[in-house]
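Number of protein chains: 2
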Amino acid sequence: MPETEEAIHKQILELGKKARRASREMMGMSADEKNHALLAMADALERRKEKIQEENARDVSEARDAGLSDALVDRLVLDDKRMAAMTQGLRDIAKLPDPVGRTLKSWEKENGLILEKRAVPIGVIGMIYESRPNVTADAAALCLKASNAIILRGGSEALRSNQAIADALQEGGSATKLPADAIQLVPVRDRKAVTSLITMDEYVDMIIPRGGEGLIRAIAENATVPVLKHYKGICHVYVDGDADPEKAWSIVENAKCQRPGVCNAAETLLVDLSIGEEWLIRMAEILQKRGVELRGDEKSREIVASMLPATGEDWHTEYLDMILSVRVVDGIEQAVEHINQYGSGHSDAIVTRNKGRQEYFGKMVDSAAVYINASTRFTDGAEFGMGAEIGISTDRLHARGPVALEELTTYKYVVTGDGQIKE
Amino acid sequence: MPETEEAIHKQILELGKKARRASREMMGMSADEKNHALLAMADALERRKEKIQEENARDVSEARDAGLSDALVDRLVLDDKRMAAMTQGLRDIAKLPDPVGRTLKSWEKENGLILEKRAVPIGVIGMIYESRPNVTADAAALCLKASNAIILRGGSEALRSNQAIADALQEGGSATKLPADAIQLVPVRDRKAVTSLITMDEYVDMIIPRGGEGLIRAIAENATVPVLKHYKGICHVYVDGDADPEKAWSIVENAKCQRPGVCNAAETLLVDLSIGEEWLIRMAEILQKRGVELRGDEKSREIVASMLPATGEDWHTEYLDMILSVRVVDGIEQAVEHINQYGSGHSDAIVTRNKGRQEYFGKMVDSAAVYINASTRFTDGAEFGMGAEIGISTDRLHARGPVALEELTTYKYVVTGDGQIKE
Numbered sequence: 001m002p003e004t005e006e007a008i009h010k011q012i013l014e015l016g017k018k019a020r021r022a023s024r025e026m027m028g029m030s031a032d033e034k035n036h037a038l039l040a041m042a043d044a045l046e047r048r049k050e051k052i053q054e055e056n057a058r059d060v061s062e063a064r065d066a067g068l069s070d071a072l073v074d075r076l077v078l079d080d081k082r083m084a085a086m087t088q089g090l091r092d093i094a095k096l097p098d099p100v101g102r103t104l105k106s107w108e109k110e111n112g113l114i115l116e117k118r119a120v121p122i123g124v125i126g127m128i129y130e131s132r133p134n135v136t137a138d139a140a141a142l143c144l145k146a147s148n149a150i151i152l153r154g155g156s157e158a159l160r161s162n163q164a165i166a167d168a169l170q171e172g173g174s175a176t177k178l179p180a181d182a183i184q185l186v187p188v189r190d191r192k193a194v195t196s197l198i199t200m201d202e203y204v205d206m207i208i209p210r211g212g213e214g215l216i217r218a219i220a221e222n223a224t225v226p227v228l229k230h231y232k233g234i235c236h237v238y239v240d241g242d243a244d245p246e247k248a249w250s251i252v253e254n255a256k257c258q259r260p261g262v263c264n265a266a267e268t269l270l271v272d273l274s275i276g277e278e279w280l281i282r283m284a285e286i287l288q289k290r291g292v293e294l295r296g297d298e299k300s301r302e303i304v305a306s307m308l309p310a311t312g313e314d315w316h317t318e319y320l321d322m323i324l325s326v327r328v329v330d331g332i333e334q335a336v337e338h339i340n341q342y343g344s345g346h347s348d349a350i351v352t353r354n355k356g357r358q359e360y361f362g363k364m365v366d367s368a369a370v371y372i373n374a375s376t377r378f379t380d381g382a383e384f385g386m387g388a389e390i391g392i393s394t395d396r397l398h399a400r401g402p403v404a405l406e407e408l409t410t411y412k413y414v415v416t417g418d419g420q421i422k423e
Numbered sequence: 001m002p003e004t005e006e007a008i009h010k011q012i013l014e015l016g017k018k019a020r021r022a023s024r025e026m027m028g029m030s031a032d033e034k035n036h037a038l039l040a041m042a043d044a045l046e047r048r049k050e051k052i053q054e055e056n057a058r059d060v061s062e063a064r065d066a067g068l069s070d071a072l073v074d075r076l077v078l079d080d081k082r083m084a085a086m087t088q089g090l091r092d093i094a095k096l097p098d099p100v101g102r103t104l105k106s107w108e109k110e111n112g113l114i115l116e117k118r119a120v121p122i123g124v125i126g127m128i129y130e131s132r133p134n135v136t137a138d139a140a141a142l143c144l145k146a147s148n149a150i151i152l153r154g155g156s157e158a159l160r161s162n163q164a165i166a167d168a169l170q171e172g173g174s175a176t177k178l179p180a181d182a183i184q185l186v187p188v189r190d191r192k193a194v195t196s197l198i199t200m201d202e203y204v205d206m207i208i209p210r211g212g213e214g215l216i217r218a219i220a221e222n223a224t225v226p227v228l229k230h231y232k233g234i235c236h237v238y239v240d241g242d243a244d245p246e247k248a249w250s251i252v253e254n255a256k257c258q259r260p261g262v263c264n265a266a267e268t269l270l271v272d273l274s275i276g277e278e279w280l281i282r283m284a285e286i287l288q289k290r291g292v293e294l295r296g297d298e299k300s301r302e303i304v305a306s307m308l309p310a311t312g313e314d315w316h317t318e319y320l321d322m323i324l325s326v327r328v329v330d331g332i333e334q335a336v337e338h339i340n341q342y343g344s345g346h347s348d349a350i351v352t353r354n355k356g357r358q359e360y361f362g363k364m365v366d367s368a369a370v371y372i373n374a375s376t377r378f379t380d381g382a383e384f385g386m387g388a389e390i391g392i393s394t395d396r397l398h399a400r401g402p403v404a405l406e407e408l409t410t411y412k413y414v415v416t417g418d419g420q421i422k423e
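Going down the list, the sequences are from chains A and B.
Mapping the first sequence onto UniProt numbering, position 131 (from 1) lands on 131, and the numbers just tick up by one.
Mapping the second sequence onto UniProt numbering, position 251 (from 1) lands on 251, and the numbers just tick up by one.
Hints are not guaranteed to be accurate.
[Claimed, not checked] Partner residues aside, some chain B positions facing chain A, computed with beta carbon under 10 Å:
#1 Asn254
#2 Lys363
#3 Tyr413
[Said to hold, decoys possible] To list a few chain B residues with every Cβ distance to chain A over 12 Å, as calculated:
#4 Gln11
#5 Glu46
#6 Arg48
#7 Lys51
#8 Gln53
#9 Ala57
#10 Ala66
#11 Ser69
#12 Leu72
#13 Ala94
#14 Glu302
#15 Trp315
The set of hints was computed from the structure by calculation and includes no laboratory data.
Bear in mind that the values here come from a model prediction, so they are computed numbers and not experimental data.
Heads up, the beta-carbon is just placed ideally off N, CA and C, and yes, glycines get one too.
This is chain A alone, in the form it adopts within the complex (with noise of 0.2 Å):
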């Protein structure tokens, strides 16, 4: 059923007008109160397991007829443990602390007049994402404990699927003080849906894409609400003169093959070679051991003639895969040129034992996350100790590397006086 393009933009319009409203209710909403619709929203996804797996069968069933690729489809499906994680997720989320009410900082002027910093809610969250539908959980709950509302737009090939698990948040949230519009998903597949969400900005705060570098590109260009952006993770370890040599092979290691799929995975190795040519030999060594396809400049080559030869390409890609691009830096200084200049500003790490080193490295890598003598791997919310994440930032205004609760505020000034007026 094709549907002009004022159609939708009213449709889209119409959620944005019930989400503000839903929001500044959500203003008054107490932590228990949130977190009762959280685990009642949980109950539902249980209650309604079955039905959320039928429209999800069909999803699948459809994404197959068209021919996606079969790690698409493996995104697509909701089987039971993924189902249970889910509703896992919520119950943890309901028992985090209150994001919203924090006092940040208070303190009185000469005057009299006492001021609170005070965390509050963003208001309404735009969430655009592609295939895997248990973000609709996921987001739907980390923007309700942090008093949002939230309009969600998942891939089309999900719709089904995502509008069961909506269906069933809402019912959850049916009984408890949410209010009805807390929660809402674009029911259009029309990508016009998408123009018009990420241009309410009456409506809409602000813009979290989850998806492929692509798709984060033609959001940010065409929005006019502010989007919070992760374009990509080309991460760094560079191995210094002093770095301990165990310990640069061990973290290498792990950076690049604990799971290379992912953002915070390394993909570019800066070495030192006062650190002596047999590290960066026997570095190889392990490295190809496990299937690692290097990709070296051509000092590293001159040292491990296996190494492919790295082009200047090598230098911005994301490769999400088992290679590492691989160069001989003379100092740290180079180093941390080549890292601003080729880095996304997502994750890079330092090795070494040379405490001025480590400080300048902490200081002049101009990324959200710098790791001295750790993995990069570790950049997360739950690794950093901030509960679940709804993705992280590489832009650099409001939040940076990890998203999560306190990430989904902002504040505001709360100033207490006794009748203060300005001389």
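Using the hints, position chain B against chain A.
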């Protein structure tokens, strides 16, 4: 000399590249080095005072010839008093604490990783402003103090003055550790330069526009770089039934009359008549004696017949003048609803002795600054104790309310380990 779009774009792109390089160098500047640069810049402004005033006189005479209003011409003028204030501003900023490098939070994980959330510079700021040439020095100094590079784009009628000030700042900085391109001024009058500035995401991290709502909307609509917006100040005072009548008179009078042309002045009075009709009658007398034109809704005009009738438009209007709209509300809920619907999220006040209503107002009014028993006129970086401000944000993300040194920083995580790898 008309220039082609392409030539201008290339020129601005070049400024951007240089600013990015300078901003990376500035990450390594110590507090002392920055303060030294600020003081040297202040000295240079004094040394070059005559030259600056000469260039300013040319701008002023040209503006007069072009028929600019007296008010606009007045803003342009750099007399001795303004020159001294500008110089003193730089010296004051040198005395403020360094906003960069602060540990915002620090914690240890069970695996021994130590996480530090550290304040760091944003990078490159694009500042777009209208007439007043003193903004050139103020904005440059604040950005420098937060280790940000700045690209300045002032009003074209002030180009000679701005250039003379920027030259002085650069000369002052040149004898210090400040990178030569830390402070750059867009040297072309053509508006196409603004289009380039606000779309080169790769080189500019944040745009701060200062000017009328029209300017800011045009920038926000066309920018791909994040814009810190200040749209307008439609500020309210709500006088509750339990207000101290004397304090309520004094706060409303102050919020409206002390300086009506600024964004934190009140534009609308909301009153719960359970305080007594006499309160409103006396309030109207006080305000009318000060020369305020009152525009009331039906109910308030039944009590004070001398008010003009308010139209729907009035609730949306930032008068910036001795005009106040007045509406009778039936309690705090209606007051909050009015503020959240018509306000601009800037500064809003309640006057009441009732604790529960103070709390409700503080929680439910969705504005950058919420006042309890105090005038809205205090929303200002200096009044809040933050030092000088570069602007006020009515946005919700990154910074809300006064934007001073801390708001000109972002953060990163520095994670220190001892060889930790992800299991």
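Verification of the supplied hints:
For B:Asn254, the shortest C-beta to C-beta distance to chain A is roughly 4 Å, which falls under 10 Å, so the interface hint holds. Annotation: B:Lys363 was flagged as interfacial toward chain A, and the flag holds, the nearest CB pair being 6 Å apart, inside 10 Å. Contact between B:Tyr413 and chain A, as hinted, is supported at the beta carbon level, the nearest pair being about 5 Å apart and thus within 10 Å. Once the 12 Å rule is applied to beta carbons, B:Gln11 is consistent with being away from chain A; the minimum gap is 23 Å.
At roughly 30 Å, the least C-beta separation between B:Glu46 and chain A is larger than 12 Å, which holds for a residue marked as non-interface. Consistency note on B:Arg48: stated as away from chain A, and its beta-carbon is indeed over 12 Å from all of that chain's, at 34 Å minimum. Under the 12 Å C-beta cut-off, the non-interface status given to B:Lys51 relative to chain A holds; the minimum distance is some 37 Å. With a least beta-carbon separation of about 32 Å from chain A, B:Gln53 lies farther than 12 Å from that chain, consistent with its non-interface assignment.
Once the 12 Å rule is applied to beta carbons, B:Ala57 is consistent with being away from chain A; the minimum gap is 35 Å. Against the 12 Å criterion, B:Ala66 stays outside the reach of chain A, whose nearest CB is about 34 Å from its own CB. The Cβ of B:Ser69 lies farther than 12 Å from every Cβ of chain A, with a closest approach of about 28 Å, so its non-interface assignment holds. The claim that B:Leu72 lies off the interface holds: its Cβ sits roughly 26 Å from the closest Cβ of chain A, which is beyond the 12 Å cut-off.
Listed as outside the interface, B:Ala94 is consistent with that label: its C-beta sits roughly 21 Å from the nearest C-beta of chain A, beyond the 12 Å cut-off. Residue-level check passed: B:Glu302 sits 29 Å from the nearest beta carbon of chain A, beyond 12 Å. Even its closest Cβ contact with chain A, about 16 Å, leaves B:Trp315 beyond 12 Å, as expected for a residue assigned away from the interface.
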